[in-house]
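If you read the protein sequences in the order shown, they are chains S and U.
Each residue of the first sequence is one higher than the one before, starting from 5 at the first, in the working numbering.
Each residue of the second sequence is one higher than the one before, starting from 18 at the first, in the working numbering.
Errors might be hidden in some of the hints.
What the hints assert, rightly or not - Every beta carbon over 12 angstroms from chain U, so not counted as near; a handful from chain S, in silico:
no.: 1; residue: Ser13
no.: 2; residue: Val16
no.: 3; residue: Asn31
no.: 4; residue: Leu54
no.: 5; residue: His59
no.: 6; residue: Arg69
no.: 7; residue: Ala72
no.: 8; residue: Asp78
no.: 9; residue: Ala91
no.: 10; residue: Gly92
Said to hold, decoys possible - Pair ranges (Cβ atoms, derived):
no.: 11; chain 1: U; residue 1: Arg472; chain 2: S; residue 2: Ala104; range: 52 to 60 angstroms
no.: 12; chain 1: U; residue 1: Arg335; chain 2: S; residue 2: Gly120; range: 21 to 29 angstroms
no.: 13; chain 1: U; residue 1: Asn453; chain 2: S; residue 2: Ser21; range: 50 to 58 angstroms
no.: 14; chain 1: S; residue 1: Gln107; chain 2: U; residue 2: Gly172; range: 50 to 58 angstroms
To be clear, the hints were calculated from the coordinates, so they are not data collected in a lab.
Ideal Cβ placement from N, Cα and C applies to all residues, glycine included.
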Amino acid sequence: MSQPPRLVSRRVFLLSSLLVACLGWLNWPRLQGLRRRLRHGPPHPLLGLLDDPGHGAAIGREYLRAYADEARLDALPGLILPGHDAAGLSAAELRAAFLAQVQADFDAGRLAQVDGWALARSEARLFGLCALWQSL
Amino acid sequence: MLIDARTVERGTTIKAAVCVVGSGAAGISLAMQFRDKGVPVVLLESGGLTEDARCEALNQGRVEGTLLDSGFWPPHYSAVPGEGYLAGSRRRYFGGTTNAWGGWCRPFDPIDFAEREWVSDSGWPITKAELAPFYRRAAGLCQIKPFDEGTYHAGWEGRPALPGDEMGLRTLVVYYSPPTRFGTTYRSALVRSTDVRIFTWANVVDLETPPQANRVRRAKVACLSGNSFNVEAERFVLATGGVENARLLLLANKVQPEGLGNGNGLVGRYFMDHAYTSPGYFLALADPARYGLYFQQHEGSVGHDTLGVLCLDEGVQRRHRLQNVWIALGSTPHLPEYPAAPEDHHLARAVRSYTCAPGFRPRLITLTASPECSPNRNSRVTLGDEVDALGCRRAKVDWRVNEADGVSVRQSLELIAQALGRLSMGRVRLLIAEDNPFPRGWGGTHHSGTTRMSRDPRKGVVNADCRMHQVENLYVVGSSVFPTLGAANPTFTIVALALRLADHLLEAVKR
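The shape of chain S in the complex, shown without the other chains (with noise of 0.2 angstroms):
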């Protein structure tokens, strides 16, 4: 009796799998972020303000250390910009209405200190969003 017809040799299979898995590995976190937004949906707008969120998670870990009662996705938004529906607003009247809470923690002095840094409370906050996002 013959065998039948394989449709991929093994060697193919095995460098096939090989590639997924180093191109996975390469991608990793858009991988882990097209399964975020699977399952939860777009980021937040917000989240548009950093280049690479991630960058801006490595801070906010330390944010929600210490300021555990926001680690909250449905309320810390409303706290970085209050006032603001984030969605209805364009890339950049959302980098401008950032930038003036900024500048008005500021002028304020609401400020907090991530691992020494004395940043306004607000990117603070937006860096704990990155981090709560990316523990999703």
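Place chain U on chain S using the hints.
Showing chain U alone in chain S's frame:
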């Protein structure tokens, strides 16, 4: 006239109108004013014209104190805490410690002279305005150009300062002396003078007084070679530095066991220094060209170089009850440029996303703080048990700072961090903790305060004219008379005070 004290006949008594002990910034500045005035002056220098190991060894002493206990110590001095703080930082040859001077010149700020209720034992008996004419003259001796006498600056010769703000962030400019080595720069002028006799290798080991100890009869001089002689003068001036001035008075204890002029127990107390520290980092989010003033730039033109440092204005210091502090951007002299923050620096990468133009690389700058350390009665110079090669007890320094000093640095930096953020200049990282207010610190070796100046004899060793309250013909000049130290380097003020004393003495001699 230059005389080698080792060649003076043993037991001789030299006579002068004024005997100045010490040929550092203060002693030489003073002696220079007596040239061609017809007043015979003797200037005594412990060492020769160049460095000599045996003579420098006379500077050795013992150092202890709370800063040492907390791990604060400059590793570049020595691996052994305290070693080098006295011997390595001072020089005993003609020109004194100007032979190792960094050249930073800056008058004290008006608030440095003020009595501040939140700074214990603060307040000079003279004001900045009274010292201002002498600062102008000091600029000449220190070979800096005439300087801007304003306290704060918006820039300097085309290099803009960071914008000041209503929260009190200010820039002040420090001027660089070449630095002037007073010994080599002014030696020939002094040697040519017929009024000034310089004795090298001449160590004062005692100040002899009558039984009332109310005046100095003669200074007993000893050489390491074994020779000895006396100097008699109408007036004596101690100009040997913040440690030695006190030590000499404490050593002169044959009549007054607690030390000459020390009836109130103040000689040697209130020792101060600048507890320099690296209190954090500055992540600069603006164009580096805006920080040009804050580089330590040496442009090659004598007396023309400057450095900008950040501070808080007097109003803010008063409102927040802070002591003066300078914050310098950068701790490395001659840094060619501020280094860009590494690409994996999370905060730099995050903040630049929304504050900077695409492609901008924020700079990461180490901060250096020069804080005013407030007077502390228990911080003091005393005589140790060891003796030097001349048989004199060595100095023992117990340097203590007040808890408020560290609190003040931290609060000042927090306010500066807020102001820099407010101005969109960058973000500051504070590395100072409540239990470690002076991390990674080192002493400025600006030994000060040990013969402090006060109108009240119960609160000071010398009066506003630098004359000792209890010894009518003995004057002390140098940083030892500073009641408070401010944040500025002391040499410029030492020279200004010496010039002021010279005018006073010339007037007194005429009478």
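Status of the hints after comparison with the structure:
| no. | hint | in the structure |
| --- | --- | --- |
| 1 | Ser13 | holds, 42 angstroms |
| 2 | Val16 | holds, 38 angstroms |
| 3 | Asn31 | holds, 19 angstroms |
| 4 | Leu54 | violated, 4 angstroms |
| 5 | His59 | violated, 4 angstroms |
| 6 | Arg69 | holds, 15 angstroms |
| 7 | Ala72 | holds, 20 angstroms |
| 8 | Asp78 | holds, 23 angstroms |
| 9 | Ala91 | holds, 18 angstroms |
| 10 | Gly92 | holds, 19 angstroms |
| 11 | U:Arg472 / S:Ala104: 52 to 60 angstroms | holds, 54 angstroms |
| 12 | U:Arg335 / S:Gly120: 21 to 29 angstroms | holds, 28 angstroms |
| 13 | U:Asn453 / S:Ser21: 50 to 58 angstroms | holds, 54 angstroms |
| 14 | S:Gln107 / U:Gly172: 50 to 58 angstroms | violated, 24 angstroms |
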